[in-house]
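Generate coordinates for the entire structure from the input sequences, incorporating the hints supplied.
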Amino acid sequence: MKVNILFLLFSLLITNFSLISSTKSSFISLLGVAPQDENYYKTETIKCRNGSKKFARVQLNDDFCDCPDGTDEPGTSACPHGKFSCMNVGHLPVSIHSSKVNDGICDCCDGSDEYDGEVKCPNTCWEAGKVTRDKLKKKIDIYKEGVTIRKKEVEQAKQAIAKDKEELSKLKYNEKSLKGLVKSLKARKEQIEKAEEKERLVKEKEEMMKMAAEDKSDDEHKESSSSTTLDSENNGLSDEPSVDQQQKDEYENTEGLPTDGSESTEGLLREDLGRLVASRWTGEKTEHQVEEVSPNKDNYGGNNEIPEGTDDKDHDNSDGVTILNGPSLLEKIQDAAQNLFQAINLFPAPLDKLDANRVRKDYEDSTTRLSDIQERIASLTEKLKHDFGMEKEFYFYYDQCFETKQDKYVYKVCPFKDASQEEGYHITQLGQWEKFENSYGSMLFSNGDGCWNGPDRSLKVKLRCGLNTELTDVKEPSRCEYVALMSTPIRCLEGKLEELERKLESMYNEQLQGGHDEL
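Position one of the sequence shown corresponds to residue 1 (full-length UniProt numbering), numbered consecutively onward.
Calculated from the structure, these hints are not laboratory results. A hint or two may mislead.
Just the calculated beta-carbon pair ranges, DEER-fashion [said to hold, decoys possible]:
#1 Arg464 with Ile161: 40 to 50 angstroms
#2 Glu501 with Cys401: 33 to 43 angstroms
#3 Asn50 with Lys496: 26 to 36 angstroms
#4 Ala187 with Asn468: 55 to 65 angstroms
With a straight-line cut-off of 25 angstroms between C-alpha atoms, the simulated DSS-like cross-links for lysine-lysine are [what the hints assert, rightly or not]:
#5 Lys417 with Lys385
#6 Lys152 with Lys165
#7 Lys496 with Lys460
#8 Lys163 with Lys353
#9 Lys176 with Lys165
#10 Lys435 with Lys475
#11 Lys460 with Lys186
#12 Lys135 with Lys435
#13 Lys503 with Lys165
#14 Lys176 with Lys189
#15 Lys475 with Lys151
#16 Lys158 with Lys496
#17 Lys475 with Lys460
#18 Lys158 with Lys475
#19 Lys392 with Lys151
No experiment lies behind these values; they were computed from the predicted model shown. Glycine residues also receive a C-beta, built at the ideal position from the N, C-alpha and C atoms.
Shown next as structure tokens:
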């Protein structure tokens, strides 16, 4: 019985020793491994991070460097390129060079880098982490307020997009209707212009005919006066008919035409009157003229006596020869012709000038309105084609620009358009809008002005959470490659807020679990 009890006690001691050794071995093997990398070391065969070779899990932290990059010795100083991760509970985790492990100097605030016991390092992480925790608390407060602002801006952006889309739809409908109206007005306008041109040509022709007739009448009058003077000088010796006889014939040829132009078509058929007028302009006689003139000649028998009814403007020269007034007779003929042409509608009535002007004005107004609508359609179409974020949160940034002044330069960023650097009146383009990067965490502008003997300028704007939208900290880490920071409520994400709250909570919990006296 005593033997059995002793055997049982011995078994328990062996088991406890094995557990302690296993726990210590597990602690030693994962020492210096960052929490996020623990899964990488769980397999029995582990690959060096640079891919050069593999090593067994038992070789982890065995104080012999198997991997050139130090993958197998995160908790010892065996590898010159190894990295040791300080947990620093209550503060921020950090990585130090593995050569500092067990060197007698406390590099980690939790003292984990001096685990060989040669030096006792106090845990100062809670005190050192107070500033970090305070910053984290302040950051959480900013995120909470920023998340509220972001929600409002997202809702407003969605409403604005819906409004712009509705406006675009209405504008396209109005454009279609207005195009039809403009087309109709244009056709009417062209008709009016053609009619006006035709009327102008008719009037121009009338004026030319009138001038030609007047010139002919003047020539005939001059010839008649010259002939009369010549007959007077020759005392009737010429064998040619006397001027008196010529004037009488001219008068007899016009007999039957009334002196009042308003009654010029009375008593004559239109066709006959047309022939009569034409004969007076061409110098030929129609059959009707011959029939009417001949009896007159018989009646007068060459007598110089002027019949009654002759125009009072006719006068006698000094030799007693009667001369008819040429221009007066021409006016009568022209009046008769004009009345005839209007009667048979050879000349259309003049256009209504007010109506023509109204059509022109309506066409110009409609064309201007159509141009404005098409310009607005193009603007909205260009705007709505952009990627404004998962929730359209960047929609209001389309028509905004943000500036910051550093030294002698003013930097200007216009999302979805361009970015520039201004120095006085000189403007240098840092780039044209290209896209968002890093899940809408940064904006990229590219293809800016070229650097002398270098690449085209470019700008990356990194976005971070802030209660106001501000552009800050523009730098040029590489030649012609600029980097700027911009704070905005748009980047105050709920997911990130929850992550920060968990981080702060874990810092308190870990410190409480450590059981330090200061708590």
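Each hint, compared with the structure:
| no. | hint | verdict |
| --- | --- | --- |
| 1 | Arg464 with Ile161: 40 to 50 angstroms | 25 angstroms, violated |
| 2 | Glu501 with Cys401: 33 to 43 angstroms | 35 angstroms, holds |
| 3 | Asn50 with Lys496: 26 to 36 angstroms | 33 angstroms, holds |
| 4 | Ala187 with Asn468: 55 to 65 angstroms | 58 angstroms, holds |
| 5 | Lys417 with Lys385 | 13 angstroms, holds |
| 6 | Lys152 with Lys165 | 20 angstroms, holds |
| 7 | Lys496 with Lys460 | 22 angstroms, holds |
| 8 | Lys163 with Lys353 | 44 angstroms, violated |
| 9 | Lys176 with Lys165 | 17 angstroms, holds |
| 10 | Lys435 with Lys475 | 20 angstroms, holds |
| 11 | Lys460 with Lys186 | 52 angstroms, violated |
| 12 | Lys135 with Lys435 | 32 angstroms, violated |
| 13 | Lys503 with Lys165 | 43 angstroms, violated |
| 14 | Lys176 with Lys189 | 20 angstroms, holds |
| 15 | Lys475 with Lys151 | 31 angstroms, violated |
| 16 | Lys158 with Lys496 | 23 angstroms, holds |
| 17 | Lys475 with Lys460 | 10 angstroms, holds |
| 18 | Lys158 with Lys475 | 34 angstroms, violated |
| 19 | Lys392 with Lys151 | 11 angstroms, holds |
When held up to the earlier numbered hints, the structure conflicts with 1, 8, 11, 12, 13, 15 and 18 and fits the remainder.
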